[in-house]
Amino acid sequence: MGQFFDSISDDHAEWIKKQKIFFVATAPASVKGTVNTSPKGYDSLRILGPNAVCYLELSGSGIETQSHLEENGRITLMLLAFEGGPRIMRLIGRGRVVRLGSPEYNDIISAHYQNPESQPVVNSVGCRGIIMVDVRKVGTSCGYAVPYFDYKGPRPTLLNGFAKKEEEKVTDYWRTYNAVSLDGLPGMRHERMGPEWLGSYHRTALTLDENIVGYEADGPGSSALLMSLSRSSKNWTALIAPRLLIDLVVLTTGICIGVLATRRR
Numbered sequence: 001m002g003q004f005f006d007s008i009s010d011d012h013a014e015w016i017k018k019q020k021i022f023f024v025a026t027a028p029a030s031v032k033g034t035v036n037t038s039p040k041g042y043d044s045l046r047i048l049g050p051n052a053v054c055y056l057e058l059s060g061s062g063i064e065t066q067s068h069l070e071e072n073g074r075i076t077l078m079l080l081a082f083e084g085g086p087r088i089m090r091l092i093g094r095g096r097v098v099r100l101g102s103p104e105y106n107d108i109i110s111a112h113y114q115n116p117e118s119q120p121v122v123n124s125v126g127c128r129g130i131i132m133v134d135v136r137k138v139g140t141s142c143g144y145a146v147p148y149f150d151y152k153g154p155r156p157t158l159l160n161g162f163a164k165k166e167e168e169k170v171t172d173y174w175r176t177y178n179a180v181s182l183d184g185l186p187g188m189r190h191e192r193m194g195p196e197w198l199g200s201y202h203r204t205a206l207t208l209d210e211n212i213v214g215y216e217a218d219g220p221g222s223s224a225l226l227m228s229l230s231r232s233s234k235n236w237t238a239l240i241a242p243r244l245l246i247d248l249v250v251l252t253t254g255i256c257i258g259v260l261a262t263r264r265r
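Each residue of the sequence shown is one higher than the last, beginning at 1 in UniProt numbering.
One or more hints might be untrue.
[To be verified] Quick list of the computed label-pair ranges, beta carbon to beta carbon: (1) Ala29 to Lys137: 13 to 21 Å; (2) His112 to Gly85: 26 to 34 Å; (3) Gly101 to Tyr144: 43 to 51 Å; (4) Asn106 to Glu14: 23 to 31 Å; (5) Glu191 to Ala145: 41 to 49 Å; (6) Pro50 to Thr176: 37 to 45 Å; (7) Ser102 to Lys32: 26 to 34 Å; (8) Pro156 to Thr37: 30 to 38 Å; (9) Val122 to Ala145: 29 to 37 Å; (10) Gln119 to Gln3: 35 to 43 Å.
If you are wondering where the hints come from, they were derived from the structure by calculation, not from laboratory data.
Even for Gly, the Cβ is constructed at its ideal location relative to N, Cα and C.
Let the sequences and hints guide you as you build the complete structure.
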């Protein structure tokens with residue numbers, strides 16, 4: 001039988017610290033938006049109090065979690081017992097992004113990530129921030145169908161890959177792949193990306209046939225947002241091309257009518 005609690009108990013905290021993997025689920029506000037879930041590993045999750053946790057955010061091929069949190073803040077973390085007694089635990093709450101290199105980021109690193117196991121992640125050029133979660137509900141359920149697995153160790157591939165890259169290469173990766181979500185929400189924003197990526201954005205959705213193709217933007221970040229949409233989103237071309245074709249036909253028709261009307265005079 002599932003149970004819900006208002007906070008993380010000592011028993012919960014002790015169990016959470018033993019887990020080697022957790023999953024993060026977020027979604028945009030739009031009913032047509034793409035729901036996302038991501039697995040997280042390494043020594044990155046920290047319990048800050050009965051109603052607060054955080055984890056280190058490493059660069060990847062997407063930016064769904066950050067984009068969704070910037071828009072609406074909803075987030076759920078799920079942990080599973082792959083050994084010992086069965087258990088599923090969900091930490092349900094509101095999250096926010098702590099920017100890489102900000103005073104708050106540095107304070108959290110100093111207070112909670114000084115152990116040797118976390119240093120490869122903290123010092124990785126691919127670390128792009130911290131996700132802070134205000135835990136408003138803790139849910140537990142049986143986990144009777146969760147299979148047993150033997151933990152062999154962390155997979156080093158991601159950290160090894162970033163170890164071969166210079167900071168500017170990672171920054172360019174952010175510009176190319178982390179600037180917008182799958183639904184066109186603004187994503188990664190950091191001063192390393194340049195001033196054009198730091199603008200504020202309106203949240204007014206631009207839709208085509210009930211599909212979100214972007215968001216109306218203002219401020220210095222607007223041009224960067226549209227550039228990234230056109231460069232990194234395959235759906236953007238597919239969705240916007242029909243509209244451009246229609247506009248071109250209408251424009252051409254209007255010009256032809258105008259020319260014919262002028263000649264008749």
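For each hint, the structure was consulted:
no., hint, verdict
1, Ala29 to Lys137: 13 to 21 Å, "20 Å, holds"
2, His112 to Gly85: 26 to 34 Å, "27 Å, holds"
3, Gly101 to Tyr144: 43 to 51 Å, "44 Å, holds"
4, Asn106 to Glu14: 23 to 31 Å, "28 Å, holds"
5, Glu191 to Ala145: 41 to 49 Å, "46 Å, holds"
6, Pro50 to Thr176: 37 to 45 Å, "40 Å, holds"
7, Ser102 to Lys32: 26 to 34 Å, "33 Å, holds"
8, Pro156 to Thr37: 30 to 38 Å, "23 Å, violated"
9, Val122 to Ala145: 29 to 37 Å, "36 Å, holds"
10, Gln119 to Gln3: 35 to 43 Å, "37 Å, holds"
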